[in-house]
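A.B. asks: The lines below spell out each chain.
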Amino acid sequence: MKNGKKIFILVETFLGLMVFVLVMFMFLEKNEKKQEKISVIIQNSDDSQWAAFKYGAKMAAADKKTEVFVVSTAGSLSVQEEENLIEREIANGASGIIVEPANGEKTEKMLKEVEKKVPVVLVESLASSDGTETKMPVTGADNYAMGKALAEELLKDCGGNIKGKKIGLVSGEENAEAISERAEGVRAVLEEKQADILWQISDSFAEDKEKNSMEQSEKVDFIMTLDNISLVAAGECSSTNNLHGAVLYGIGHSMEAFYYLDTGEIQCLVVPDEFNRGYQSVAELSDSLRRFMKKPERNTVSYSTVRRETLFSKENQEVLFTMSQ
Amino acid sequence: MKNKYLKSKCGYDMQGENQNTEKSRITERVRSWEKYGGWTNLKPKGIQTTLMGVFSLVSITIMLISGFVMYIWFSTLSREETVQSTQKLMEQTGESLEDYLVSMRQVSDTVYYNIIKESDFSKQKQEIQSRMNLLYEANKDNLRSIAIYNHYGSLLAAEPVASQKEDPDVTQQDWYIQALDEVENMHFSTPHIQNLFDDGTQHYYWVTSLSRMIEITDSGVSNWGVLLVDMDYADISRMMNQINTLNNGEYYYLCDSNGEIIYHPRQIQISNGLSGENSSLAASHKDGVYEDDFKGERRKVIVNTISYTGWKLVGVIPYSAFIHGMIDVRYFIILLMLLTVMVLVALNRVVSARISSPILKLNASVLEYEAGEKPEVYIGGAEEIRYLGYSIQKSYEQIDELMKEIIIEQNERRKSELDALQSQINPHFLYNTLDSITWMIEDGRNDEAAFMISQLAKLFRISLSKGHTVINIRDELQHARSYMNIQKIRYKNAFSVTFDVDDSLYAFCIVKLVLQPILENAINYGINGTDDCGEIKISGKMENGLIILSVTDNGIGMCSEEVSRLLTDEKRVHKHGSGVGLVNVNNRIKIVFGKEYGIVVESEPDEGTTVSICIPAVLYTEENRKALEGGNLHEKENEQKKEPQRE
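Those protein sequences? They're chains A and B, same order as listed.
Position 223, counted from 1, in the first sequence is what UniProt numbering calls 223; the numbers after and before it change by one each time, with no gaps.
Position 44, counted from 1, in the second sequence is what UniProt numbering calls 44; the numbers after and before it change by one each time, with no gaps.
Since the hints were derived computationally from the structure, they do not count as laboratory data.
Note that the structure is a prediction, hence the values are computed from the model and not measured.
Misleading hints may appear alongside valid ones.
Derived lysine to any residue pairs resembling SDA-like cross-links, with alpha carbons at most 25 Å apart [to be verified]:
1. Lys314(A) - Gln267(B)
2. Lys65(A) - Pro318(B)
3. Lys314(A) - Asp232(B)
4. Lys5(A) - Thr49(B)
5. Lys54(A) - Asn272(B)
6. Lys5(A) - Val345(B)
7. Lys6(A) - Arg266(B)
8. Lys314(A) - Asp256(B)
9. Lys58(A) - Gln267(B)
10. Lys5(A) - Ser56(B)
11. Lys30(A) - Thr245(B)
12. Lys5(A) - Ile359(B)
13. Lys5(A) - Phe55(B)
14. Lys65(A) - Lys300(B)
15. Lys30(A) - Thr49(B)
16. Lys54(A) - Asn241(B)
17. Lys314(A) - Gln178(B)
18. Lys65(A) - Phe55(B)
19. Lys58(A) - Tyr251(B)
20. Lys361(B) - Ser391(B)
21. Lys65(A) - Ile270(B)
22. Lys65(A) - Gly325(B)
23. Lys65(A) - Ile243(B)
24. Lys30(A) - Ile327(B)
So the derived label-pair ranges between C-beta atoms look like this [said to hold, decoys possible]:
25. Lys65(A) - Trp224(B): 52 to 58 Å
26. Leu336(B) - Lys6(A): 25 to 31 Å
27. Asn84(A) - Asn247(B): 31 to 37 Å
28. Ser96(B) - Lys65(A): 26 to 32 Å
29. Lys88(B) - Lys65(A): 25 to 31 Å
30. Val366(B) - Lys6(A): 22 to 28 Å
31. Ser275(B) - Glu113(A): 32 to 38 Å
32. Asn185(B) - Gly245(A): 27 to 33 Å
33. Ile9(A) - Val58(B): 19 to 25 Å
34. Asn31(A) - Leu336(B): 21 to 27 Å
35. Ala162(B) - Ala145(A): 37 to 43 Å
36. Leu17(A) - Arg386(B): 37 to 43 Å
To give a feel for the contact side, a few chain A residues facing chain B, derived at Cβ under 7 Å [unchecked claim]:
37. Gly4
38. Val11
39. Leu320
The beta carbon of each residue, even a glycine, is placed where N, CA and C say it ideally should be.
When you get a sec, could you build the whole thing from the sequences and use the hints?
C.D. replies: Pasting the structure below:
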């Protein structure tokens, strides 16, 4: 074969290959536009306390061009139920899971198993089997600091002197890591000032047992609630004068909590930045899914202290805005 | 005339030959230079390769330029189109927003001019309430509430009827303050949480407030107050959300005249510091399209002012959005270019082959001709190439004819030269011999005279040899013997002659009468001048395929200068003999056998001289004789020698 013919065939083959590669590239690029899917499993997902969180997650999904799906759940989940839900979501094509860990000893083990399949981000602290906090990635506010901040607000209102004052603590599931940390924070401040924490009650909120417990408990000067549901329940009790004149302080992040603050049932409110919790958890997971070797990391979001006087400040209005979405 | 013509042709040919020799020398030099790495890269390419290369280069360059221009053109067009469509979309949205705001203004106007101005609050409170209710019901899809406050900030009337919050202190709220700041205008606030009523739903509403100062009549006393129309932010949000659906980075936001954000798709991220917006700069712009560089990102910012409010609807198109839209076009252009280049390369090959094919065929014909074949010269292709073919063919035909003429002419010339040389021998010798015979007869030596006549007869018989120029060695030796016999009688046996020739040489060819002039020279110059008895020896032998015939005398010999002049000086004057010199013999041998053959003379003064004839061993046959006489054998040998060199 002549040289000219050889070169001609080579050039044509090369150009043909380039066309093929380009077409393949175009085809692959079209297919690559498929978004990652992140499933969010939170307990009692339709509750208003998750509004800001879900809005944050939605905004992060829009920014990161990721698909976020919030699994609908009613009430609290057992470890087994949560595991089943996670498995179902993975089977449905979830590339990552954001989960509020169920309360239970086997939760961490179960989630670590899940972590082997897909990246997982927790939105609440989780106790490890050895009693310390889990090393799994968690996005949330510093629970201990929030507890301390709440107690310090009480201290401030009492002019720093709460010696002998009777205090009751109300929380959801007591053995939940987040509640424990918050209680620890509160106790650390109050016990130092020799306040008298008469009782700490926790119960299932679905059946209004807590309200009854609070009403039936020994009369205290201050009630401090350590989670949103307890706070709303306590606010409701207060509105019907069933707290026997106890002043209410609490940690909450729902519009109802703000409402009770606005109506004066709650003296002071510590609000974790739920929008950022939702935003950061999705952003973190999305980044880890897109970047090779990037693993989700722990993210701490801020919290703010709201009083009736500052309820309609610009910042707090924005918090309310995220809750109304 | 013909001779003249031939002469001129020969002259031309000789000139051409010189030119060819010069050309071939240059070619040789160039080849040897290239061999050692000279112009290896600049070696001239074939015409098809050159044409194809040039065509491909030109077409690829044109494709690249046109592709680039096409891309620039497309991207500019696409950019303009994107900006235009964004502007259109913004105009539509702006109109929708204006309609919405106008309807809210109309609500405010209706409440003020049709209800408040015409009524006394103390007397017609119920009527005012019911008319406000009617208005609210008619617009409740867009309205959150309508409320009238007096100059103390106390609520006079509100719709829908809801319990007022405990001490909302409206006088400290922005919408109230703004209404009092500019009493003649209506004021649109930025979105905020409505902090006025408690409807028992434990919910807070995000509203935009339209407030204005009003004149209130209460118990016949006129006083000022503030009319508040709270618009549901969800309506504005919905309108903006509808246009914020693009996924390419393009987005729209709404801000007031100070750059305070009313709506932004990333409103909370901006508040939290996760994102940012250059809204204050956009708010300072008039309507139009602007270039913006925000946090290192180049963007097109389109500003559209909403009437009555001073709000700015801002569209932001990052340059990355333009590129995003152009990616497919970019791929398409590259694909188109690649396919076009593929087609062009194939087309170029066909075109260049069509153009170069006749030239290549013509070239092949010329090469074949140069290789010694006689092909039909290719005549085809374009008119010019056909003409070239015709011309070359005609030239070759003329060259062939001229070559034939030259060969014939040369042969004739050689033959005439040979004949002329041979004819130089006879007269003087014949005169001397006949003189000797006469003298012998007069002296009564009839036997000797008869012997001499017989020898002379033999001599002439061989001299004639039927007119052949080439004879066998046997006859040549016989001729030499006869000659020497005659000369011995003439010189009265003053010398002796010895023949020592190998019998095997007798059958080979030799040029007629070459020994005789040498023998004559040996007698005249070698023996004649000496007192001693002269000795002449004729010997013959075969060496390396060559026949060497030598004539050796023991005469006076010559110095080396004289030896060297012997074969070169044609004008040398012969003292004795027939006058046919060695030059003559040498030339004849060379004419017949070739330039490498001829005579070699060796001599030493007082020692004697040896003259050797060196010729190739060619068997004497009729065919070889004719060939030698025609000069063909000599040419054939030359060609056979050249062949290996060519290979």
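A.B. asks: Taken at face value, is the distance from the CA of Asp256(B) to the CA of Lys314(A) at most 25 Å?
C.D. replies: OK: Lys314(A) and Asp256(B) at ~16 Å, within 25 Å.
A.B. asks: What's the verdict on Lys54(A) and Asn241(B), does the C-alpha distance respect the 25 Å limit or exceed it?
C.D. replies: Measuring from Cα to Cα gives roughly 18 Å; hence the hint holds.
A.B. asks: Straight-line Cα separation of Lys58(A) and Tyr251(B) no greater than 25 Å?
C.D. replies: holds, 17 Å
A.B. asks: For the hint 19 to 25 Å, verify it against the beta carbon of Ile9(A) and that of Val58(B).
C.D. replies: holds, 21 Å
A.B. asks: Given the hint that Lys30(A) pairs with Thr245(B), does the C-alpha gap stay at or below 25 Å?
C.D. replies: Measuring from Cα to Cα gives roughly 20 Å; hence the hint holds.
A.B. asks: Is 37 to 43 Å a correct range for the gap between the Cβ atoms of Leu17(A) and Arg386(B)?
C.D. replies: holds, 42 Å
A.B. asks: Could you tell me whether the CB distance from Asn185(B) to Gly245(A) stays inside 27 to 33 Å?
C.D. replies: violated, 49 Å
A.B. asks: Compare the distance between the alpha carbons of Lys5(A) and Thr49(B) with 25 Å, and conclude whether the hinted pair is satisfied.
C.D. replies: Distance ~10 Å between Lys5(A) and Thr49(B) Cα, so the pair holds.
A.B. asks: Hint says 22 to 28 Å; check whether the CB-CB distance for Val366(B) and Lys6(A) agrees.
C.D. replies: Between Val366(B) and Lys6(A), where Cβ atoms are some 26 Å apart, the hint holds.
A.B. asks: Lying within 52 to 58 Å: is that true of the beta-carbon distance Lys65(A) to Trp224(B)?
C.D. replies: holds, 53 Å
A.B. asks: Is Lys30(A) within 25 Å of Ile327(B), Cα to Cα?
C.D. replies: holds, 11 Å
A.B. asks: The hint names Gly4(A) as touching chain B; please verify it with the least Cβ-Cβ distance against 7 Å.
C.D. replies: holds, 6 Å
In terms of the numbered hints stated before, the structure departs from hints 7, 15, 18, 32, listed from lowest to highest.
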